[in-house]
Amino acid sequence: MIEAPRLDRRRFSQGAAALAALMALPRGAAAADGKPVVIASEEDVSTLDPHLIRNNHPIGSVIWSVFDSLVRRNPDGTHEPRLALSWEQAEPTRWRFKLRPNVKFQNGEAFNADAVVFNFNRMNVSPYNAESQLWPGTNLTKVVAVDPMTVDLVTSEPTINMLYWLEEAFIGAPKYMADTAPDVVGAHPIGSGPYGFVSWKQGDRVTLTANPNYWNGAPPIKDVVFRDIPELSSRLNELKAGSVDIVVGVTPDTAAEAKSNNSRVVSTNGLRKMHMGISFTGLDVLKDKRVRQALNHAVDVPTMIETLQGGMTKPLASLVNPPNNDPGLKPFVYDPDKAKALLKEAGHEGFELPVAYGRYPGAKEVSEAVASYLEAVGLKPKLEAYETGRFEEMLKQKAFKGIYYYGWASLINPSVELVILTSDAVDNSAGYNNPDYDKLVKTASVTLDEPKRAALLKQAEDFIWDECPWIYLWYLPAIFGLSNRLDYQVRPDDYIEIYRAKLTG
Amino acid sequence: MTLVIFLVRRLAGAALVLLGVSLATFLVAHTTGDPVTLLVPANATEAARAALRAHFGLDQSWPVQYGLFILHALGGDLGTSFVYRQPVLDLVLNRLGATFELAFVAFAIALVLGVGLGMLAALKRGTAVDACVTAFTMVGLAVPPFWLGLILVIVFAVRLQLFPVSGADTALSVVLPAVTLSLQSTARIARLLRSAMIEVLQADYMRTARAMGLLRSRVLWVHGFRNALIPLVTMAGLELGDLISSAVVIEAIFAWPGIGRLAIGAVEQRDFPLLQGSVLVAAVCFITVNLVVDWLYTRIDPRVVLR
Amino acid sequence: MKRMPPFGLLGAGLITLAVATAVLAPVVAPTTPTRLDLRARLSPPAWVVGAKPGHLLGTDNVGRDVLSRVIYGSRISLSVGAAAAVLGMLIGSTMGLLAGYFGQWVDAVISWLINVQLAFPFTLLAIFLLGTVGGGFGAVVVVLALATWVNYARIVRGEVLAIRSRDYVLAARAVGVPTGRTLLRYILPNVAGPIVVVASFSTAQAILTQAALSFLGVGIDPSVPSWGAMLNEGRAYLQSAWWIAVFPGLAIALTVLGANLLGDWLRDWLDPRSVA
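Chains B, R and U, in that order, are what the protein sequence lines are. What the first sequence shows, in our numbering, is residues -4 to 500, in sequence order. What the second sequence shows, in our numbering, is residues 750 to 1056, in sequence order. What the third sequence shows, in our numbering, is residues 423 to 698, in sequence order.
Since the hints were made in silico from the structure, they are not lab data. Every residue, glycine too, gets a C-beta built ideally from N, C-alpha and C. Please note that the accuracy of each hint is not assured.
Quick list of in silico lysine to any residue cross-link-like pairs, SDA-like style, CA-CA up to 20 Å [as the list claims (entries may be wrong)]:
| no. | chain 1 | residue 1 | chain 2 | residue 2 |
| --- | --- | --- | --- | --- |
| 1 | B | Lys391 | B | Lys375 |
| 2 | B | Lys377 | U | Gly639 |
| 3 | B | Lys391 | R | Ala800 |
| 4 | B | Lys282 | B | Phe346 |
| 5 | B | Lys391 | R | Glu795 |
| 6 | B | Lys377 | U | Asp459 |
| 7 | R | Lys873 | U | Gln661 |
| 8 | B | Lys254 | U | Gln661 |
The following residues of chain B were derived to be distant from chain U, with all beta-carbon distances above 12 Å [stated by the list, open to error]:
| no. | residue |
| --- | --- |
| 9 | Pro70 |
| 10 | Gln128 |
| 11 | Met144 |
| 12 | Gly212 |
| 13 | Asn320 |
| 14 | His343 |
| 15 | Lys396 |
DEER-style ranges, computed between Cβ atoms [claimed, not checked]:
| no. | chain 1 | residue 1 | chain 2 | residue 2 | range |
| --- | --- | --- | --- | --- | --- |
| 16 | R | Asn792 | B | Pro430 | 38 to 44 Å |
| 17 | U | Trp527 | R | His804 | 39 to 45 Å |
| 18 | U | Val441 | B | Asn264 | 34 to 40 Å |
| 19 | U | Trp527 | R | Thr1037 | 41 to 47 Å |
| 20 | U | Asp589 | R | Val813 | 53 to 59 Å |
| 21 | U | Ser501 | B | Thr438 | 57 to 63 Å |
From just these sequences and the hints, can you work out the full model?
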């Protein structure tokens, strides 16, 4: 159940004496060694239903701690067995998974093939199918329990992305989920993961405690609290004061503030490719490749990285994330004269260009900087701010007329990364439409022969880079503030795997 | 008997107001687009989106949706949040305590400080003390509260480390947000009380009372303050309502887990039921406070009749 | 006419200063408020160590001159404040006049609207409307007018109730003066004083609210410098670059202070009985 509200806390009834006594107490008064590890995020955890994960963090981070999936991706892109022991693509359209025996959910239910079938089927019905992309993402058509410890996943066509989608297909206690009201399931999660659920005070915190019966042994850190602190400055202050251990969403400009006697800054090149999307459904001039290339030459990305990003990231050099990218591709050089020349050659000089941005961190300053560079080559940029909902809608309807600040986050998987610019991809928000490119990517996605597929993908990668569907910016740096007592390797994709963390000393 | 008639009249009025508030919220919400777009990932299929819309009842016509909402609301069911997938009433009630705590502490500060400063200024009218109080109230009214909040955090939480920066963890957590929230009310109450007291002090009956040799302090409190109470009570009612509404911004700055932040989230994510629910509950609070205020009149001033 | 007291004088002075700044912005601002220089970003005010030359109040997060932005920001704050006050005045006074004069069901409907508005948490409504409909000058003015019309309506209604049964009004009605004319000719002039007073306070309120909305990220066109938006940008830099948020905050406070002081003085002047 959700923890009771604080109505019953009669804080001020004790009078001034108690207040004075409290003032004398150090903050975070709990004993230092037994103190829970606190993770502070900007956003609120809004649901704990394993099939309604709306963001990697904080919802995803909590779900990853309480639940487990069949496989989990390693930093190098391979997958490690979790609830699955091993797998094979028995036929092009049939994947077979051997399951881990003797795993129990935290309420005592046993994990087996039926549990997998129940959970995967739940992901395919409304309202969960709107959130979970396992079925459409993999062309899954059927989940079959072959025996208690074997599951077959049958797809309508050969799929190469099965493991990628399985990572986020979480498996909860089936009987509990079936017998309990959905709002209770979403507020009181029961999984088989490294942590067990303790309490959820909405808008404030989720508290977890180590699962002593975890199949891989209880995690090193016993108590974990996910807190919601919207103001970045507040998060950083608490980090410095020692009451928070991980701060999420540190910006390049505030990175220095995360350093103190208690804390340090850790950053990694993120996987989110920041760019100004160029609309193919708006201004006609933008359909001219020379204009799009001119835009790329007009913007001084290295200076923006050095100043706005504090030098904490690198320019994009491909639409495919490293290490799978073509090393032969290089970022467009900042050359305003060349930009002007290209615009002149195309016969499109001095046009008005809407520059749209939503509520992403840093969106406004980046858009303002880009606009000023475009102004410098004679264009008339016009800044447009959008509320989150409107922005998403505009993206979905491909309704932007000019350029828009956006970040595309996808894991290390070239085909998933390249497919978003095919004409029928629902999330192709720029409306880029090129039959040659479509064909290239489509062919690659059904080619099971590895080297052949790699060659096709490289061809697509090089082609789209030259096409400039975006003004290429940089990888969004993932910057965290960590307390010195914590030993933790941050991930580039926002998820916090707290069960992998340790306390030092 | 008068009390019963009063209550019936006022409750009927309150119901009409609530109907207006809910209708306005409903219309504003539904003219702003499809909430499902925001809820699901960009690559969700159209069929899944449609199913979700049906799941939320968004596929029905507006009049039907509104009618159903009212019908359920009458039974105490404010629907299920799109984002949290929890009953709206639970979500709102869970957060209401925190907002009440913040608003009431701020209200107490405003009342004590405001009345104290106002009385002081009225008694010392024309002196430096009066000028100081006036200056304080004018500055208090002019400073943007959210700005003040940020400055207070830097000074008292970061530099001096006297109070927590944010959250609601310790008993001291409420201090900075409550002080921030109370400033404007303090200033308004002080101004009001000052002018009301000056008026009362000049009134004939006060002069008479004093001429009759009654003790100065007794005159002041029994006759003076009592008469200044009427405008004060009116104002206090409005202020309390205003505090609950202003808490929205302050809660965001201080990570205060109240209804304001819940509602802002609901707005940003187009969580219609949650928005509808939080607005309704806030309106109920406001109306209740005003009902109490009207009743208080009769206690203070016997000439006022309930109608 | 009474001599202007020091507080009133101060208010008039502040407002004059603000208006003059807004009008003369291109003359007094050291540079264009939108020109950015990434290499000079986050430069502190001139008197702080490490300041880059040419920026008296420092630069913001993309290297724009804070002083110039504060100066140009006055245009938005004042014009939005004034426009919202006027629009609110038109709506509110009309409603108040109608309710007070006609009474009966007209009064009932308008009073209902007033109560609905008062019971509505305004900030949420504003965020919702501006967020989804989109910002822009007109939208912000309308939303702020929606917030302030009640102030006028309540005062005017009360005043009209008090004077509608006075002899000259009754006489005018008795001799068949048309209703519209009665309202405009005999009633409106008598409520003009309170309206002006409310207008000055409502301007102050509108300026504050506009800043709060910009602070929450909704409202005015982002390419135009506005004090509220500057506060919003500066909020992430409070500890490292305090000047981004502190100066626009001061500008807001001084302008609102001016409007309030002026309002106080107006009220005293128009109503000799009042002592506040």
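So, going through the hints one by one against the coordinates:
1. Distance restraint check for Lys391(B) and Lys375(B): the Cα-Cα separation of roughly 26 Å exceeds the 20 Å cut-off, and the hinted pair is therefore not satisfied.
2. A threshold of 20 Å between alpha carbons decides the hint, and for Lys377(B) with Gly639(U) the separation of about 18 Å falls inside it, so the pair holds.
3. Under the criterion of a C-alpha separation no larger than 20 Å, the hint pairing Lys391(B) with Ala800(R) is consistent with the structure, at around 18 Å.
4. Restraint check for Lys282(B) and Phe346(B): satisfied, since their Cα atoms lie roughly 14 Å apart, inside the 20 Å limit.
5. Taking the CA atoms of Lys391(B) and Glu795(R), the gap is about 12 Å. The hint holds against a cut of 20 Å.
6. Proximity of Lys377(B) to Asp459(U) is assessed by CA-CA distance (about 18 Å); at most 20 Å being required, the pair is judged to hold.
7. Of the supplied pair hints, the one linking Lys873(R) and Gln661(U) is violated, its CA atoms being roughly 41 Å apart against a limit of 20 Å.
8. With a C-alpha separation of about 13 Å, the suggested pair Lys254(B) and Gln661(U) falls inside the 20 Å cut-off, and the hint holds.
9. Look at Pro70(B): its CB is around 30 Å from the nearest CB on chain U, clear of 12 Å, so calling it non-interface holds up.
10. Distance check for Gln128(B) against chain U: the nearest CB is about 27 Å away, which clears 12 Å, and the non-interface claim stands.
11. With a minimum CB-CB distance of about 51 Å to chain U, Met144(B) clears the 12 Å threshold, and the non-interface call stands.
12. Once the 12 Å rule is applied to beta carbons, Gly212(B) is consistent with being away from chain U; the minimum gap is 41 Å.
13. The Cβ of Asn320(B) lies farther than 12 Å from every Cβ of chain U, with a closest approach of about 27 Å, so its non-interface assignment holds.
14. For His343(B), the condition that its CB be more than 12 Å from all CB atoms of chain U holds, with the nearest at approximately 22 Å.
15. Every Cβ of chain U is farther than 12 Å from the Cβ of Lys396(B); the closest lies at roughly 14 Å, confirming the non-interface assignment.
16. The hinted range of 38 to 44 Å is not satisfied by Asn792(R) and Pro430(B), whose Cβ atoms lie roughly 21 Å apart.
17. Between Trp527(U) and His804(R) the C-beta distance comes to about 43 Å, which sits within the given range of 39 to 45 Å.
18. Separated by about 51 Å at the C-beta atoms, Val441(U) and Asn264(B) break the suggested range of 34 to 40 Å.
19. Judged by the Cβ atoms, the range 41 to 47 Å given for Trp527(U) and Thr1037(R) is violated: they are separated by roughly 27 Å.
20. Distance hint check: the CB atoms of Asp589(U) and Val813(R) are about 55 Å apart, consistent with the given range 53 to 59 Å.
21. Distance hint for Ser501(U) and Thr438(B): a CB-CB separation of about 59 Å, consistent with the stated range 57 to 63 Å.
Checked against the numbered hints above, the structure breaks hints 1, 7, 16, 18, 19 and satisfies the rest.
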